[in-house]
Amino acid sequence: MKITLKVVAALAVAGIVAASAQTAPAKPSWKDSKSKLIQADFPITTACIGAKFPAGNKANKGMAMIVGEGAFMSFDTDLLRFSAGWVAAAAAEKGKTNLVGFISDKGVTFNGSHGGHPEALGEQKFGTKSGPGWADAAGSFADPRKEPFGPLPKSWARWDGHYVVGDKVVLAYTVHGTKIYDQPGSVEQDGQTAFLRTIKIDAAKADLTALILDGEGAAKIENGAAVVDCGNGVIARVELVGAPKGAALAVADGNRVVLKIANATAGLFNVVIWKGAKADEAKFAALAAVKPALADFAKGGKPHWPETVVTKGVIESSKTPDSAFVTDVITAPDKNPWNRRVRFGGMDFFSDGKRAALSTWDGDIWIVSGIDEKLENLEWRRFASGGFETLGLKIVNDVVYTSGRDQITRYHDINEDGAADYYENFNNEITSSPGFHEFVFDLHTDKEGNFYTAKAGPVKGGGRGFGGGGGNGDISAHAGCVLKISKDGSKLEVYATGVRAPNGIGVGPDGQVTTGDNEGSWVPACPVNWVKPGSFLGVEDLNHGLDKKSFQQPLMWLSKSWDNSGGGQTWVTSDKWGPFKGELLHCSYGQSSLYLIMKQEVGNVMQAGAVKIPIKLTSSAMRPRFNPRDGQLYNAGLRGWQSNAAKEGGFDRVRYTGKPVQSVSGLKVDRYSVSLSFTQPLEKSSAEDVQNYNGERWNYMRTSNYGSPEISVNDPAKKGHDKLDIKSAKLSADGKTVTLEIADLKPAMQQLLNFNKLKAKDGSEITQRVLHTINAIP
Amino acid sequence: MKMKFRSVIAFLAAWPIALLAQAPAKPAPVAAGLAVTFKAGAASDTATAPNVWLHVAAGQSVTPFIPAGPFTAEWQGVVNADLRGDYAFEAELNGAVKVELNGAIVLEGAGKNGVTPRSKTIRLSKGANALKVIFTSPAQGDAYLRLHWSDKPDKPVPAEPIPSTQLAHTPSGETARGAQLRLGRELFLEHRCAKCHTTPASAQGAPELVMDAPSFDGIGTRRHFAWLKEWILDPHAQRAGAQMPKVFHGTSAPADADATAAYLSSLNAVGPALTFLKPYKLVAAVANAAESPAAQQEEGKTLLEKLHCNACHNLPGAAADAKKISLDHLTRKFPGGKLVEFLRAPERHYAWTRMPDFRLTAEEANEVSKLLLEKLPMFKLPGAPTDPTILARGKKLVASAGCLSCHALPNVKNEFVTQPLTQLVAAKWNGGCLGEKPAAGSKSPQFHFTVEDRAALSAFAATDRKSLERHAPTEFAARQVRVLNCAGCHGQVDGFPAIEIVGGKLKPEWTRDLLSGVLVDRPRPWLSARMPAFPRRAEWLAAGLAQTHGLSPRSPTEPPMDAGLVKHGQKLAGVDGGFSCISCHGVAGLAPTQVFEAPGINLALSAARLQPAYYRRWILNPQRIDPQTKMPVYFDEEGKSPLAEVLGGDAAKQIDALWHYLRLGEKMPPPATQ
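Residue numbers (the numbering used here), protein chains in the order written: chain P, 111 to 888; chain V, 15 to 688.
Honestly, I wouldn't trust all of these hints.
[Said to hold, decoys possible] Far from chain P, by Cβ distances over 10 angstroms, these chain V residues were calculated: (1) Asp156; (2) Ala240; (3) Ala283; (4) Glu381; (5) Leu418; (6) Ser472; (7) Arg479; (8) Gln608; (9) Ser655; (10) Ala658; (11) Gln688.
[To be verified] Taking lysine to any residue and the SDA-like style, the derived pairs with C-alpha atoms no more than 20 angstroms apart in a straight line are: (12) P/Lys601 - P/Gly271; (13) P/Lys867 - V/Glu651; (14) V/Lys169 - P/Lys601.
It should be emphasised that the hints constitute simulated quantities derived from the structure, not laboratory data. We put the CB at the ideal spot given by N, CA and C, even for glycine.
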């Protein structure tokens, strides 16, 4: 197989540049071009991939691969089957899509549409039913899964990962203990295309049966080849080339072509698949003449993206009013030779702190170096591509892991040339249905090394309700769950259920798990969840058997203008970041805002308040992390759905300048009062003047409606807020805590306290708003 | 624009801030809005106003009780601050203004179609702060005043209206008298008193003076005899709020009603061919509308529910609410098929009907009719008497009893004569039609006025009644909003803007066309509810709503469109380097790309709909206007945009560029979708 380059050249003319190790890159002219939605210069795009036949053929975790100039194959990593092979559209249809013949750009990650996913374009040549790609130990292809989502049992078949070697992809998996390498490819000549599966097997440990295709008509074996009568003078033909004794084709159920491999068989051979006019069958022999050859994956391939993109950072692009925090921009490579969209979904630092890896929603990983005080020479290198909406990234021992819709992937740069060679499946037990809202958000580890991520619920295209099939997706086993994956990747368990769209989680130094969420059905406002193992976090459609009445009140709620769509959390582990060490920070994706979360434990009930740290970011606030080297906070974010984020992607440093922070830093609810602690001592007359304070409170209603009206705490039948009657304000002896006596203080889902121009001892004025939730009153 | 300004600054400097900030010791005012007293020469009139907004077109009267010409207006009340804080004031005006807060002058100046400089910063106390504003009309042109404030005077963001919810006043004898006079005048108008007690028509007079009543032309084909008879005999017994009086009294009343109804039933002339207002575009024509959450939520609702008929009516089978109009009589009132015709064009035979025109299609009208009638018992109704004697008696009664003062009937002369208005001395406005009880043998129509109503009518009678010859559109709008029960839906039902804001939000021309029933694009086609038409009231209602907010009834000409700004606006609306407005908002023929729960209004409609000032406030911070909106806030308090590359990241410039782009309407070029 050779990816070359008619398709690519056509794109270059259109102003889109493709570069690969094998060809001299054309000069970029991306300035005025649109971002490329589907890349042609890398062999893999992973998504739910639909195909025309057999009916209902969708690879929920489909690697759509460019296996020739106009030849494409899709591999389903849940079921270890090639779901389809197809060729580019006839000339007459060219120009209808942005990449003729490959896959359509439908889907939220691509053209933004809610509902739908890429479909194989062009002319499909073969396909398989959505079911196991390898038979069980008894030779049966019956689907053993409880629901048609998620992988086959590990004892049956395990997806190990794939190698990228130049433009070739080698798939690696284990079936009944037998390691199998399976390389898709094609032979294109004389107007005909044959698809290849180059299979290497060291020594089968059992009798194995692989699904090759489900014929469109009756299949039979003729001289070792399988021939399918597709009708109208069209046939499909499958042959083995170089097959060892013990490997043979067979027909099952009348039209299914399978490959039988006897126990102890070893060898390297091609499965050649062709479909065409019976009259052209004579051309098949030439197509089948190609000798089996597997890419030399063990040594790693040449880097796919030898060029780097160099940007210059911006120091102090904005600052807080007290000048205690400033933002420095780590300028993203949004102008790049590959015209890739740079929408950051995950970020973490290598141990040196000068380099970070960032994954994008579009499935790329970038590594940026040069993160120093001045940010003058930021060098961005593409490290990997083809991921399935990689919205989480974690680095452990300087090895990159991402969370995607398909799996946790661990990346290996075998030859240490700066690009990933082996994309290892660390754990792929997570379920993924064809819906568009199947996001898998964020990736963290706890102090024991276990991984955590969160999967969204399959929100319907319109925004309300869940699942229902089709483009809306299905409520699969892990929909709306916080998931824990063991340190070695061997085990995935549901840690909590009932989240809707938790675009960001946090794991504290002591292992405390937190999540945000996005208002919607059963999420009346954005919460910050304080997650305990086994807790149900509120979305009743996604309780997965947990008692709906066991709903665990969040740490706090955030009203719409504070947070209409939650991002991630992080804990201040640094002592170089002002006075907040040990505190929790929460990001609002929708409002691109950062909040200090002020926790309080009342008995065994947790509650909190929030105050804004008013910094400005390049994109959304979504993936906050502290840098181990400089101890400063960094945030990466994207704009992919409703947000006020300025740019599609951004990476910023929120740096503490050493100047005094002027802010509330603590909140405590008592029987008759709420106390606010400040970072600075206040001037008594100002702090104790009740005219400087006001407040209000309200509740939300948890229903299947989208979000909630704000309703009176005093009279639940009434919409609106109750004004608080603040009786007095008393300043503590150290001048740093104001205790507000509030009449009729009671639990409220939301309470807002405002103060205007409080005088600090140093003469400065503090104006802030504090939003909090009272779950319990001491 | 010319401004002259006395130095308020020097004045303020003499007052320690703390003094200004002292809270008044009086009890907190309880009534919403402000008291406002208008004076012209010796004439004085006190009303209440929602805000310090005023607009009087040249030649108009500021209120019906003040002659046209120069006037002053003085607002009194308090502004309630949420928190002790610093504020600054400014005014857009044509005229002169003086603003006093807590007894100190904070803004004083005159302007000709301009805006005053912003006042110095004023510290307001938490709670009530005494507010007094005096406006003097200009020598020429429309008089107007819009007082604005900023609660962030140190930030470069525009001033905005003071939220009306933060204004209050203490009712006084003057406000009570103003309210009583208005009630008396309204009762006089709504009961069509001037149809019998005639008064010279005036082009500048109250629009209601020409209000009609259901036409008798062909009424026999549209109403059942049995219902007509019952209604004529005692309208008030049929409907508590009926304005039609009981005309026939005594023992002959049933026979009179019978004869009158019989005669009316004989009037079966066929009118001109039926024509209807053009329906709105079908929801199905809107991309994704059927899949939208709003549509999902409406699933299973009947058309009656979707149209919110129950805002005004007790639907058959539902619990009765005394304030609403029962529909239990429909099978007795409408002959077969006539309800459908009525529903499709309620104003056809009665231009001033309060029943709105929902612009129903024939299918929808049939559906509504079916849903209403299927729960009602069907009667075998008696036919109308056809005895010529009875019909002749009926015809005579129709001609003589005053029916034709209000109801039209071609070719029959109204023989009823009574005293014209000028001859009705105020002292006698307690007998006849206005008697507490009908006098024995009285032939006066009986209206069921309350004690309060009669007092108000007497008070009105004691004025010079010149107010009938004057028309203040703001007051007309306020009356119509009430009698049409606009607040039955607006501010009640999700998706309906509060009626109090629409005049400041919508361009009067658009409101007029909406109320006239000529617009075919619904801004929110995903809602199953629709705004019905009130064609006869459209013009003045639209004008009055805008003028209530101090805005002209005719949108001022805007500066020429700037092609460069249009380009910037197009970029800002797109995904690539813009705010991605296209995610939620369609742009002309281009559907939104990512509607999620909250579809937005097609941007091609925006410039035709929205007051430019409202648009600017909305875009700058939508959540400040509607805390529940799903529209994000993009611009910050420093007047900066997050998109620094466009127009230097200046919020005001970007907002202006978007407006230029929006002004292209249906011709807006599509923004980038990727």
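Those earlier numbered hints the structure runs against, lowest number first: 8, 9, 10, 11, 14
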